[in-house]
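Mind docking chain X on chain B? Use the hints.
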Amino acid sequence: MLSFDIVFAGIVNGLAAGAIYVLVAVGLTLIYGVLHIINFAHGSLLMLAMYAVFFLFARAGIDPYLALPGVAAASFVFGYALYRFLIGRFAHGKDENILLITLGLSIVIDNLALFFFTGDTQTIDVRHAGGIVEIGPAFVSRAKVIAFGAALALCAALGLYIARSDMGKAIRAVARERQGARLVGIDVEHVFAVSYGIGIACLGAAACLLMPSFYVSPSSGHAFVLIAFTTVVLGGMGSFLGALVGGFAIGITESLGGLFLGEQLGQIGISAIFILILLLRPTGLFGGRR
Amino acid sequence: MSRKTSIGAPSRRQILAAGAALAGTLSTPGIGGAQARPVRIGLLHPVTGFVAYSGAQSRLGAQLAIDEVNAAGGIRSMGGARLEPVLGDTQAKVEVGVAEVEKMNEAGVAAIVGCFQSAIVLATTQTAAKYGIPYAVDVGASDLITTRGLKNVFRLKPGFGKCVDEAIKALDGINGGAGRVAKSAVIVHESSEFGTGTAKLLADRLPGINIEVKEVIKHDNPTRNFDNVALRIRSLRPDMLMMSNYQNEYVLLARTLHQQRVDLAGMFSVLGGGFNYKFAQDLPDVAEHMMDYNHWFAPTNPKAQAMKKRVEGMNTLFTFEVYLAYNAVKLIADGLERAGSADKERLTAALAASTWSDHFMPYGPTRFVDGQNLGGEAAALQIQKGDIEVVYPTQFASAKAVFPKPKFG
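Top line first, the protein sequences correspond to chains B and X. Read in the working numbering, the first sequence has 29 at position 29, and its numbers run on one by one without any break. Read in the working numbering, the second sequence has 252 at position 252, and its numbers run on one by one without any break.
Bound-form chain B, shown alone (with noise of 0.2 angstroms):
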């Protein structure tokens, strides 16, 4: 039987790794929430921006931390640019071509990563952000505790700009109803690419945020995908709140599992949540709500 201290280093450890999976399905639930596709090229996005955080610390000793607001408005201006003059240029108003054509970018991305930047794992050592923070009887790695509280602070801020700005009532606009929304005159397309370039920003963050602690190679980006779908379905695709919470819940869910069963059988209890979610309230906890 595990003591109370190693559980409750577990659910920290959980909330804090929870913290950047909120930030990766937020991102992704945006996009399903207004352009209703699965982003297939969220893992090798989240890629680049790794890979753009490593060249920025390795090349001109940019702090990561430092880089964040750089590194997240540069990737909406991808996203938005990618969206405007490639995925949206070729869907031709179809939601399947969408699906097709990030599944497209995402293998074009991934191979040109390797074909760049090599196979290779490349990491920071980011001096101010090791050693360790104690939580009661638990202890957690700094990075992972600025990861938290920046992802937090992060999801707020979007929040209040999706409830409060002309932008994000339009973003709601376009998610409610499109046709209606293009009738009262909101530029449907480009709230389209704001939101795809919000979601990629969001990536952009939280490549800030993880480099300190993990490392990127071509295929890194693809161990947090399955994850962010997951988080999307059990949150309700599409919703803002359903992530937060979502994301949180498979942290501790994932290690609470390595913990109880073993760090490999630990990670049933994410396809369990993804099974019974499909079974028991197939619009996820938030689905309903918008």
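It is worth saying that the hints were derived from the structure and are not from the lab. The C-beta atom is built at its ideal place from N, Cα and C for all residues, glycine as well. It is possible that part of the hints are untrue.
Just so you have them, the derived chain X footprint on chain B, three or more residues with Cβ under 8 angstroms [as the list claims (entries may be wrong)]:
(1) 8 to 15
(2) 113 to 119
(3) 137 to 144
(4) 216 to 223
(5) 245 to 258
(6) 261 to 268
Chain X in isolation, oriented as in the chain B frame:
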């Protein structure tokens, strides 16, 4: 010599001399005349997928060997036949590896060199055996590879059985020299044939040197997070951590334990996938004093040093994948030279009887029994001040092991 012969019509003597020269040229293998038919060698590696770096390094080593053989005039006993690579990518998947062997057979390869992951080596050697294609295993540690009675399989380096036995001896020597501070260990390994087989052997052998195994922890590839493993290790309070993982997880595990300040007397991997110069340079604090029992070139061999310089000159690290694949191709080239033919049966027989010594591994001449070279030996290494030092066997050691490693402040 008359002026007439130098500017006018050729003299009889000149015609005879030219004819003799031509005959001489044609009789010299590989120079002028009809080129001997090239010999196709299949290079099978995971150049995409989660071990793509190791696959690319292996391919590089193999191609360097092919270039070298060709530049030196090809296979002389076959009229200077050039080696021609047929490239294959396993994508780190068993079924893809098997399909690539089928394609290589269709392409008419004389031999295959590959393919890094034990699980895929097991399947692809089996497929190659169906067609009698000689298969030189460059990297692939499982003992099963050479114990299934396949006549077409040859492995220059030792398997994990011997590596674990030698690693245990090295650890016992290092621990004994430090007053036996290590009395317990936790084993963390990846879940495929390589990690599982190595961990099983370690769990079996460690009690024999008075190190109790407190727990064996298995993880998948890829693993996103080792926080819980660090937590578990902290709660078990072992003296040693024994590791057997591929590159990404090796680096992530080491880094997590360092970030969480988990105190251990030592971290010792067997065939650690991420233990290399890059790890030592990129994460010097994490890597410092980590130990690994792994394949290593003979440090005093001038060929090894020249090759190291050449590879580093290409802005690439001289990792074990490079020199193991290089030597595996050179082994095949030597077999072809002895067989004087690309016939699969003759080549297999030549490899089985091989006494090749022109390599730069600390192995001596090759002697294959059931496809396993018996002279193969690895070495215990430790990262010290950002460099990799040999700490065992003592006759090759370049430094003394730092053990136990200093505790976190």
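Hints, verified against the model:
no.: 1; hint: 8 to 15; result: holds (count 3)
no.: 2; hint: 113 to 119; result: holds (count 3)
no.: 3; hint: 137 to 144; result: holds (count 6)
no.: 4; hint: 216 to 223; result: holds (count 6)
no.: 5; hint: 245 to 258; result: holds (count 3)
no.: 6; hint: 261 to 268; result: holds (count 5)
Violation of the numbered hints given earlier is absent; every hint is satisfied by the structure.
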